[in-house]
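Chains as they are written, first to last, in the numbering used here: chain A, 1 to 271; chain B, 1 to 271; chain C, 1 to 271; chain D, 1 to 271; chain E, 1 to 271; chain F, 1 to 271.
What the hints contain is simulated information worked out from the structure, not anything from laboratory work.
Wrong hints could be hidden among the right ones.
Since the list gives no way to pick one copy over another, a pair counts as held whenever it fits inside one copy or between any two copies.
[Said to hold, decoys possible] Straight-line alpha carbon distances no greater than 27 Å define the calculated DSSO-like cross-link-like pairs of lysine-lysine that follow:
(1) K105 / K223
(2) K109 / K65
(3) K176 / K65
(4) K105 / K176
(5) K176 / K223
(6) K176 / K109
Number of protein chains: 6
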Amino acid sequence: MAQSNKPFRRILLTGAAGGLGRVLRERIGAWADVVRLSDLGGLGEARPGEEIVYCDLSDRQAMLKLLEGVDAVLHFGGVSTEVAWDPILQANIVGVKNLYEAAQKAGVKRIVFASSNHAIGFHPTTTHLDADSPTRPDGLYGVSKVFGEQLSRYYWDRFGLETVCIRIGFSFPEPKTYRNMVTFLHYDDLVELLRCSLFTPRVGHTIAYGMSDNSTSWWDNSKASHLGYQPRRSSREFAHLFPDNADYPAEDDLARLYQGGPFITTGPIYD
Amino acid sequence: MAQSNKPFRRILLTGAAGGLGRVLRERIGAWADVVRLSDLGGLGEARPGEEIVYCDLSDRQAMLKLLEGVDAVLHFGGVSTEVAWDPILQANIVGVKNLYEAAQKAGVKRIVFASSNHAIGFHPTTTHLDADSPTRPDGLYGVSKVFGEQLSRYYWDRFGLETVCIRIGFSFPEPKTYRNMVTFLHYDDLVELLRCSLFTPRVGHTIAYGMSDNSTSWWDNSKASHLGYQPRRSSREFAHLFPDNADYPAEDDLARLYQGGPFITTGPIYD
Amino acid sequence: MAQSNKPFRRILLTGAAGGLGRVLRERIGAWADVVRLSDLGGLGEARPGEEIVYCDLSDRQAMLKLLEGVDAVLHFGGVSTEVAWDPILQANIVGVKNLYEAAQKAGVKRIVFASSNHAIGFHPTTTHLDADSPTRPDGLYGVSKVFGEQLSRYYWDRFGLETVCIRIGFSFPEPKTYRNMVTFLHYDDLVELLRCSLFTPRVGHTIAYGMSDNSTSWWDNSKASHLGYQPRRSSREFAHLFPDNADYPAEDDLARLYQGGPFITTGPIYD
Amino acid sequence: MAQSNKPFRRILLTGAAGGLGRVLRERIGAWADVVRLSDLGGLGEARPGEEIVYCDLSDRQAMLKLLEGVDAVLHFGGVSTEVAWDPILQANIVGVKNLYEAAQKAGVKRIVFASSNHAIGFHPTTTHLDADSPTRPDGLYGVSKVFGEQLSRYYWDRFGLETVCIRIGFSFPEPKTYRNMVTFLHYDDLVELLRCSLFTPRVGHTIAYGMSDNSTSWWDNSKASHLGYQPRRSSREFAHLFPDNADYPAEDDLARLYQGGPFITTGPIYD
Amino acid sequence: MAQSNKPFRRILLTGAAGGLGRVLRERIGAWADVVRLSDLGGLGEARPGEEIVYCDLSDRQAMLKLLEGVDAVLHFGGVSTEVAWDPILQANIVGVKNLYEAAQKAGVKRIVFASSNHAIGFHPTTTHLDADSPTRPDGLYGVSKVFGEQLSRYYWDRFGLETVCIRIGFSFPEPKTYRNMVTFLHYDDLVELLRCSLFTPRVGHTIAYGMSDNSTSWWDNSKASHLGYQPRRSSREFAHLFPDNADYPAEDDLARLYQGGPFITTGPIYD
Amino acid sequence: MAQSNKPFRRILLTGAAGGLGRVLRERIGAWADVVRLSDLGGLGEARPGEEIVYCDLSDRQAMLKLLEGVDAVLHFGGVSTEVAWDPILQANIVGVKNLYEAAQKAGVKRIVFASSNHAIGFHPTTTHLDADSPTRPDGLYGVSKVFGEQLSRYYWDRFGLETVCIRIGFSFPEPKTYRNMVTFLHYDDLVELLRCSLFTPRVGHTIAYGMSDNSTSWWDNSKASHLGYQPRRSSREFAHLFPDNADYPAEDDLARLYQGGPFITTGPIYD
């Protein structure tokens with residue numbers, strides 16, 4: 001391949017067939033000569049500048065191969081909601097261990113790890129958190145995300161492999177509930193946060209909250225300010241959909257008590 | 001009464017004949033089918049959507065009656081400056097106890113309590129405070145406001161009755177002194193902060209500082225960011241009235257040393 | 001009176017007929033030429049070195065007179081448990097205001113204020129507190145003790161009148177419950193803590209927890225270590241009365257959840 | 001079975017054939033009518049008051065059965081050092097998930113979870129930690145222990161199932177290295193800490209460091225002081241084995257830099 | 001001289017011939033009837049409203065004379081980069097001691113001290129600092145700036161002489177490196193920060209970071225918010241000069257690891 | 001020289017003719033084959049195991065020579081009280097810079113630096129400090145000690161040269177004042193603290209308070225607990241000399257207000 005001016009030679013995007021993966025596929029082409037897309041299937045045809053490699057995160061040998069020649073990873077693969085234990089175990093625990101083993105062996109310098117607000121979902125909605133607040137997972141899914149945050153911390157301390165863990169809020173085209181207004185992450189801001197995470201010269205092991213510039217917030221990104229992330233969108237754009245209201249949820253509706261909202265009572269799902 | 005679309009059925013505004021009460025009376029009609037206005041007198045005629053109930057805060061039986069049928073309270077009644085002990089005792093201590101007793105018995109869900117920056121006025125002007133900073137009342141009035149904050153905390157812990165305590169700064173049409181520039185709360189922002197306090201689904205027991213988006217500030221509202229309060233006005237609008245100046249007050253002028261300004265030396269007034 | 005070598009000329013002990021007052025009366029004679037004892041009654045005959053002055057804390061004029069000629073105060077008067085609002089109001093709010101007014105006018109240098117663990121009783125039993133932890137009163141009695149702590153803070157900031165607030169635990173001859181084992185303050189240690197509070201050259205406004213050297217503790221006195229208080233007794237002396245036990249109180253027994261124990265549900269008592 | 005006076009009816013001790021398990025088997029008989037011992041094998045004959053149930057932690061159905069009729073658990077089973085990933089995964093991740101699922105279904109009230117100092121081993125030896133310090137696992141084993149701490153936190157938040165996580169130091173008959181002197185936990189103190197963990201009326205989710213009263217310490221148990229744990233032994237008993245020495249390990253010997261000592265470079269072991 | 005309306009009678013600007021001194025000379029004339037300019041030489045002709053006094057900071061007698069009649073000082077004199085020890089000693093240690101001695105004797109009320117980010121340059125680039133973060137000088141120059149901060153603190157505690165210490169970032173017309181983008185202080189913002197430092201009625205001893213409103217920041221000025229400093233410029237104006245880039249500096253390039261950048265390895269220079 | 005079993009080959013003790021230097025000379029012989037003693041004079045004859053090298057700290061060349069062949073340093077040389085600026089400058093600023101330059105060049109691994117409580121003497125006597133509390137020097141002497149602490153921090157960050165800074169209290173045979181009771185450091189404990197500082201395998205840059213186990217304390221050594229220092233003496237041994245007393249110093253006696261005691265008003269002494 002001819003020499004290009006793009007900043008990376010090869011970025012790996014896992015979970016490329018998922019909701020956010022499809023959004024990112026459209027927008028990250030300028031960052032690398034080659035974007036290697038991976039998922040279990042459903043990726044269609046490779047376009048110019050793309051490579052497609054199907055791979056199961058829990059398949060260790062396949063993962064070792066998937067990471068070869070990769071400079072940086074956007075890890076959006078795996079389970080992204082509260083489901084049964086076994087898929088969480090295979091994708092988010094075994095899979096993340098396989099990813100870091102393979103990345104370290106392949107000499108990858110940096111990983112952006114799609115963590116989740118469900119790593120801290122059992123904090124009350126009246127609490128203000130930052131990167132040092134204790135984790136409070138709200139399900140087996142949330143526990144698996146803490147596992148990933150901690151495993152990546154270990155690879156940083158042990159090998160100097162850098163990771164930005166992004167505790168993603170509600171990243172969909174528009175908020176559906178009051179809670180979504182608080183945790184909303186516009187796709188534009190997601191892409192900007194990934195850009196900052198990839199191009200800041202030094203990130204070490206950083207925890208950041210994936211949220212837009214919403215009026216209400218439970219989270220404080222000041223300890224990630226070395227990333228230079230400045231959200232430009234806001235759930236205020238959707239404020240008209242949520243007029244003032246005193247019909248509070250019932251007092252025993254856990255979704256209004258805890259940051260994790262309905263996840264609080266979804267799990268654990270054992271099989 | 002026919003069914004309306006307003007968010008509350010009945011809000012009680014105490015101190016409705018006072019300075020801020022009169023401002024609020026003009027602006028909160030959209031929030032409730034009925035706004036019950038209360039004070040010792042001076043409320044004129046009830047307009048559509050209003051009820052007028054005269055009531056002395058220190059009259060327990062009258063207070064029990066005043067709270068009947070009320071969904072939420074904006075408590076602006078009582079003494080709002082450093083005066084003699086007895087009126088403070090009757091209105092701000094006995095009166096606030098009567099209010100919470102009556103509200104709890106009437107099943108009120110939420111109270112917005114007009115606290116004051118004089119609850120923390122004995123902090124130096126070079127100190128930056130947030131909701132967890134220790135209180136430092138600057139007079140008997142300030143002590144009475146701490147009493148109200150603590151009593152409301154007890155009703156939250158004991159009964160789940162929610163309160164937002166707003167430590168109001170200088171809320172008048174325009175700043176008169178340098179200190180007012182720092183503590184200024186524009187009426188528009190006061191109303192917005194009340195709106196946030198009433199319509200955030202969950203507030204528990206929240207301490208917020210009532211201030212606009214002023215350039216200089218001694219206070220940090222980050223721990224109340226679940227309210228989603230975003231001030232839109234600023235004392236910068238009045239900056240031209242306060243040109244640069246090196247004629248400092250005398251070094252022993254306590255008003256420049258402490259956040260409470262001249263209140264620092266006003267009290268105590270015993271009778 | 002002939003010149004003596006005792007460190008104070010006159011100490012006032014309020015609440016001298018109460019449970020702790022009677023204990024103290026026996027033990028503090030060496031600290032002052034004269035110990036002025038005060039209560040509503042029941043003090044018997046004055047012994048050598050004692051003066052008896054009956055006085056109602058809510059009687060302002062009587063209080064002004066009571067404080068005349070006093071160097072330091074041990075304030076154990078007033079209501080010491082959750083009772084109806086009116087006696088709390090009269091003794092612990094009006095009475096404490098009267099005390100500080102009179103003390104300031106009489107030139108008293110220092111007051112030891114018997115506060116209570118019920119100022120922080122709504123903290124969970126799994127939480128470790130120090131002097132800067134936010135107060136969480138567990139009843140109207142607890143709220144009144146916070147009032148006293150805050151009023152005394154104001155007199156310190158305003159007039160330089162020093163106070164040590166002692167949040168007394170369970171100070172009786174022996175523990176009756178598991179909770180008492182945690183909060184136990186042996187009379188010997190109470191006296192030692194008062195001695196430290198009176199004779200440390202500088203105390204400013206200090207918050208201290210009144211507890212012995214118990215094995216389990218919810219409280220940390222490190223921020224009061226300028227007092228030099230070293231407890232010498234411990235509830236371990238009574239450990240044999242509380243054998244290991246798995247018959248936990250029922251899960252919904254609030255007394256095991258909160259530091260305030262059974263007080264949590266005693267109040268409020270309105271009349 | 002006849003009624004006894006022992007505090008628990010049935011305690012489960014997992015890992016009963018392991019190093020600490022064998023120690024505990026000798027010492028905990030007084031706490032329960034029945035001690036159910038479990039391991040993969042090697043438990044010999046059941047003695048009076050014992051039940052033996054062989055069980056693989058990764059066998060979900062067997063675990064559901066193991067927990068039936070159990071009041072409290074001392075979980076010492078699983079992998080206790082840095083080994084290959086697969087046994088860690090099966091015993092410390094799948095196994096711990098199986099334990100909590102089964103315990104919750106069986107109505108167990110409390111678990112004492114043998115966590116490890118390797119959950120925080122990548123902190124420097126010059127850092128002082130408490131229960132709120134961020135975890136810094138020093139291997140896959142350490143990551144698995146953080147997984148257990150977080151899963152147990154979730155079961156507490158979700159179901160009110162209490163856990164004390166004990167980050168055990170070096171618990172062997174005597175220290176072998178300078179580092180062991182710092183992290184030493186005498187068997188007597190281990191048993192005492194378990195006793196406190198089982199019999200404190202309320203523990204919620206507590207993190208405690210398992211160490212004796214050693215002269216040098218990197219850890220602070222003040223936030224677990226509601227347990228009332230008072231160590232009575234100390235590595236000072238072995239001080240004569242470690243005379244003063246300036247033959248420092250080489251500067252690049254990671255064992256002197258990090259609290260985890262030689263574990264720092266042991267892992268990861270992938271297969 | 002006829003009475004003017006300017007806020008100060010006489011301000012002293014030291015280091016007036018240096019890089020920032022020349023910028024300031026052009027912009028601060030409105031603040032004082034007389035600006036006394038000082039340096040070792042190179043100041044040209046005095047313009048209206050200016051006085052020129054050549055003076056070596058290490059010359060104690062000359063300094064005593066230099067401060068006579070001065071109301072406030074902008075101290076930009078001395079060494080402003082890592083050079084040999086002797087000039088640092090003479091200008092930044094002896095010189096600063098001479099300045100404070102002379103200022104105190106002359107009755108100066110306030111000094112703005114040009115400190116440097118090199119007082120904290122050995123903090124990692126992934127760390128977020130505020131005014132209370134421990135200093136970590138990155139050279140002898142940085143140590144000398146901490147000396148100045150501490151000496152000025154002493155003069156505040158001892159004599160009530162106020163100082164604002166500004167830890168200036170990169171204050172040049174435009175950023176040259178990625179690091180400059182983070183630490184950039186536009187001249188407009190420098191002047192605004194000086195204005196705030198001079199005209200805030202009360203500053204005590206304040207530590208502020210001299211930076212514009214840059215996207216990426218390592219520093220937090222919230223504890224200096226009593227100054228009312230609101231930057232209006234940003235290194236974003238130069239963002240186009242620094243396109244996204246994955247050619248990280250080599251891992252062992254200390255300039256990307258520490259906030260002090262290349263200074264980290266420049267010193268110490270002994271002669 | 002024949003091989004010995006002493007832990008160090010050569011320790012340098014500066015200030016060996018001073019008050020503490022003479023005490024240490026008697027007690028540290030067991031730690032090194034050779035103790036090199038240094039001062040300006042007055043050291044008498046060298047005893048077995050001693051070397052005497054007279055040296056002025058401000059003489060750079062002499063210092064380079066003094067450090068040759070040294071493994072570790074106990075730096076007790078220089079000015080140890082508030083005196084005129086010039087001796088402080090020469091001994092405690094120039095001298096300490098010379099010491100660190102020479103030590104780094106000579107390959108010294110560790111220095112114990114005799115800092116002083118006067119580095120924090122302007123903290124009130126009612127404040128509890130630890131190693132991270134901001135410094136508040138109470139004179140030019142205190143400022144010079146902060147200089148040494150910061151210079152040594154730089155040599156640690158820059159070169160990995162370890163230092164323990166000991167903020168020594170009152171280290172004389174017996175306390176003379178109430179304040180001495182609080183800051184007392186018995187010679188036995190001084191020696192023990194030096195022993196810990198020299199033989200702990202890793203100290204990095206540690207700040208420790210040099211105090212015995214006194215009843216009253218303003219300082220907390222928990223962040224230095226990796227040193228394993230356990231004081232065995234206490235000013236309680238002298239408690240009988242300081243009976244209870246209410247003859248407080250006058251309110252304006254600064255010695256009772258600030259931890260630095262009479263130093264507060266001694267300086268600055270300019271010549």
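Evaluation of the provided hints:
1. With identical chains, the CA atoms of K105 and K223 are never at most 27 Å apart, being 30 Å at best within one copy and 38 Å at best between copies.
2. Taking CA atoms no more than 27 Å apart as the test, K109 paired with K65 passes inside one copy only; the shortest distance there is 17 Å, against 46 Å between copies.
3. For a Cα distance limit of 27 Å, the shortest separation of K176 from K65 qualifies neither inside one copy, at 40 Å, nor across copies, at 41 Å.
4. In this assembly of identical chains, the alpha carbons of K105 and K176 never lie at most 27 Å apart, being 42 Å within a copy and 35 Å across copies at closest.
5. In this assembly of identical chains, K176 and K223 lie within 27 Å of each other by CA distance solely across copies; the values are 25 Å between and 29 Å within a copy.
6. In the homo-oligomer, the alpha carbons of K176 and K109 lie at most 27 Å apart only across protomers (26 Å), although the nearest pairing inside one protomer, at 37 Å, exceeds that limit.
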